[in-house]
Every structure is written in C-alpha cells, then in structure tokens.
Amino acid sequence: MKYYENITIAMMAHDFELLREELGIEKWLVFGGSWGSTLSTWYSEQYPNRSLGLIVRGIFLNTAPEFDDAYTPRRFIESKNEKQLNEFRYFFELAVREAKDSGEEDLDEYDAERILKLYNRMIKRGDKIAMWIWFAYENNLMEEDPKKLLDFDKIDETKFPEAAGVAFFESQLFIDGQYIKPFHVLERVNNLIKDLPAPVHTWVCQGKRDQVCPPQYAQKLVDALQDANIPTYPHFIDAPHQCTDPVMQECLKDTVEDFYTKYKNG
Numbered sequence: 000m001k002y003y004e005n006i007t008i009a010m011m012a013h014d015f016e017l018l019r020e021e022l023g024i025e026k027w028l029v030f031g032g033s034w035g036s037t038l039s040t041w042y043s044e045q046y047p048n049r050s051l052g053l054i055v056r057g058i059f060l061n062t063a064p065e066f067d068d069a070y071t072p073r074r075f076i077e078s079k080n081e082k083q084l085n086e087f088r089y090f091f092e093l094a095v096r097e098a099k100d101s102g103e104e105d106l107d108e109y110d111a112e113r114i115l116k117l118y119n120r121m122i123k124r125g126d127k128i129a130m131w132i133w134f135a136y137e138n139n140l141m142e143e144d145p146k147k148l149l150d151f152d153k154i155d156e157t158k159f160p161e162a163a164g165v166a167f168f169e170s171q172l173f174i175d176g177q178y179i180k181p182f183h184v185l186e187r188v189n190n191l192i193k194d195l196p197a198p199v200h201t202w203v204c205q206g207k208r209d210q211v212c213p214p215q216y217a218q219k220l221v222d223a224l225q226d227a228n229i230p231t232y233p234h235f236i237d238a239p240h241q242c243t244d245p246v247m248q249e250c251l252k253d254t255v256e257d258f259y260t261k262y263k264n265g
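Heads up: the sequence shown begins at 0 in numbering that gives the first Met the number 0, then just goes up one per residue.
Just so you know, not all the hints are guaranteed correct.
Said to hold, decoys possible - Result set (DSS-like, lysine-lysine): computed pairs, CA atoms no more than 25 Å apart in a straight line:
no.	residue 1	residue 2
1	K207	K263
2	K79	K99
3	K180	K79
4	K127	K116
5	K219	K252
6	K82	K207
Stated by the list, open to error - Pair by pair, the computed Cβ-Cβ distance ranges are:
no.	residue 1	residue 2	range
7	A63	D14	41 to 51 Å
8	Q248	E104	44 to 54 Å
9	A197	T157	29 to 39 Å
10	V95	E21	39 to 49 Å
11	E92	A63	29 to 39 Å
12	K263	V95	50 to 60 Å
Honestly, the hints are just simulated from the structure, not real lab data.
All residues carry an ideal CB built from backbone N, CA and C; glycine is no exception.
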C-alpha cells in the first residue's frame, strides 16, 4: 500500500495509456462501472483520440453531494431507511472513536470530508477493523439480498484481501479527487467532441434502485453530454448497483452490441 499512497486518477489513467501502448492497440472501447465510471470518463476526456466509445454503469462523479449521500445520514433520514441509517451509525462510530483517541474535536456526523479522512488514516496504518467496516458498509448499501449482507463485527478472512484493497484505493482516490486535487468530469465533457474527427459516443446504464450511485448523478452526466452535443444513449433501468444483476447485464450486453453496430456501419 505504501507504493500507492499518493495514487491519483491521473496516474491510473496514464497507466492504462501505458498498457494500451504496450499492447499495440491504437484505439479501444472504454468501459467502467461505479468509481470505474469516474475513471473511464476521465480517461476518455483526457485521451479522446484513443477512445472508440465510452460505456459507463452506476455513475459516480466524485462530487461532494455524492459523498454526503453515502457518508452522512442525510439521505437515509430523508428516505426513512432505518436499516441503512443504523448501518451508518455503526460506520460513523469507528470514526468517532478514532477522533476521540487522537485527542481531536468531536466529529459531526454530517462532515463527510472528515469522516472519510479519519477512515483513510486508519486504513493507511493497517487497521483491519477499519478496512473491513468500510468494505462491509459499502457492500450492505448496494446489496438487496439479505443473505449477502456482511457482518460488521466478524471479518470474513476469505473476503478480507478484497476488502483491504477496496478500502485503501477508494478512500485514497475519494479524498484526492475531491479534497486535495479536485477534478470535475462534467466540466471536461467537451473534450469528447472538441477538435475530433468524430465525437466519442457514450452509453449509460444506470439502475434506478442504485443506492451507492443514485440515478440523479447519472442524469447530470447525461445532461452534460447532451448539452455538448455528444451522441449519448442513456438507459435508466429497473436494477440495483451490481453489474451481476440480470437486468444490468442485459443492458450492458445491448450497449456493446449497439456500439459494434454503429462502429461497423461507420
């Protein structure tokens, strides 16, 4: 983790460019889901000449309102979602304890920035409990099947390697992209059409039941793309966040086929 301590979205996009060059691929279809939708959109805006098209799922824009939706109780109180509110309280309590043990001022449950930074600090020093709670909280926010909910109090060692990676990279990239070196993908969408022989056609698959990446943010992306006259194909479907959902899988399959048809026909 030490090696990636200062990782940024620009570094990750550049890594994909190095990979593309190493593989000898002139242009490719770019795809990403969840935070990967942030990365893939940023990549296509940065390297539009290398993007044949863009397909994104479960849209995340890395904006302050999105962090407020997921890492404060506001949305759960407004929607009267007692289950998720209780899980937020558990998630929040560990950050409260970290602040108190460090002799810091009391933590406000509506201060998403500070909550994220406290978790990032715990995760970077190797706190297994913080890594697991981060992972379990996110899993339980997106999971609709009660059998697949994770226990905050019991670390599943078979899942822990994944939990450690997710917690580290997400917390680091969230903080860097919003609070240290903020980036705004909506302000860069003109890159997908400006001075190009053809615009980067963009497909969006967004679940209406997505609790991690609520659909209003996908609509913001669609609006920005359409305002810039970029060919955009939005699909707001009856699905949750997961790409494994059958309805989401069908949407993604259809968008790839639509891309191929349009690309083949010029």
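inquiry  = Of all the hints numbered above, which does this structure not satisfy? Sort the numbers upward.
reply    = 1, 2, 3, 7, 9, 11
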